[in-house]
Amino acid sequence: NLKLTFDETAKSTLNVSGVTYDAAGLGLASLTVGTDFLDNSSANAALTKLGSASTVLRTEASALGSNLSVVQLRQDFNKSLINVLQTGASNLTLADANEEAANSQALSTRQSIAVSALSLANQSQQSVLQLLR
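When you read off a place in the sequence shown, starting at 1, and then add 5, the result is the number in our numbering.
One thing to keep in mind: the hints can contain errors.
Said to hold, decoys possible - Here are the in silico distance ranges between beta carbons for each label pair:
{"#": "1", "residue 1": "84", "residue 2": "105", "range": "38 to 48 Å"}
{"#": "2", "residue 1": "80", "residue 2": "22", "range": "16 to 26 Å"}
{"#": "3", "residue 1": "93", "residue 2": "34", "range": "54 to 64 Å"}
{"#": "4", "residue 1": "113", "residue 2": "17", "range": "48 to 58 Å"}
{"#": "5", "residue 1": "68", "residue 2": "13", "range": "20 to 30 Å"}
{"#": "6", "residue 1": "93", "residue 2": "116", "range": "27 to 37 Å"}
{"#": "7", "residue 1": "61", "residue 2": "13", "range": "29 to 39 Å"}
{"#": "8", "residue 1": "13", "residue 2": "93", "range": "12 to 22 Å"}
{"#": "9", "residue 1": "105", "residue 2": "130", "range": "33 to 43 Å"}
{"#": "10", "residue 1": "105", "residue 2": "134", "range": "26 to 36 Å"}
{"#": "11", "residue 1": "82", "residue 2": "35", "range": "44 to 54 Å"}
{"#": "12", "residue 1": "29", "residue 2": "86", "range": "25 to 35 Å"}
{"#": "13", "residue 1": "44", "residue 2": "10", "range": "48 to 58 Å"}
{"#": "14", "residue 1": "110", "residue 2": "130", "range": "23 to 33 Å"}
None of these hints come from the bench; they were simulated from the model.
We put the CB at the ideal spot given by N, CA and C, even for glycine.
Generate the whole structure from the sequences, applying the supplied hints.
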């Protein structure tokens with residue numbers, strides 16, 4: 006048996022049960038080549054067993070196909086979720102070069118204006134001192 010868990014709380018699961026596909030598992034172990042096909046009744050009995058085995062195989066193939074669909078849908082969902090999370094993480098960690106260049110230029114301009122303002126203030130103080138002398 007295989008148990009697939011789809012969430013962290015183990016509430017969403019899928020159990021896949023194995024079966025035996027040999028002659029005994031399909032109910033065909035009692036067929037004998039030399040005796041079961043000698044007359045119509047034994048041939049019909051063998052045909053009935055073969056029909057039952059075919060039905061078992063079809064049922065199991067259908068169940069496996071259904072389980073495969075569930076697993077593939079979950080795989081697609083997980084791939085999409087991974088892509089969304091990676092995109093979000095990239096958006097949080099990768100800086101926009103143009104925006105950062107503009108921020109750097111703005112900071113440089115502010116610093117230049119501050120230096121010019123200090124220089125002008127210093128010059129005006131010196132001018133006032135020269136007038137007072």
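Margin query: Let me make sure I understand: some of the numbered hints might not hold for this structure. Which ones are they, in numerical order?
Written below: 1, 10 and 12
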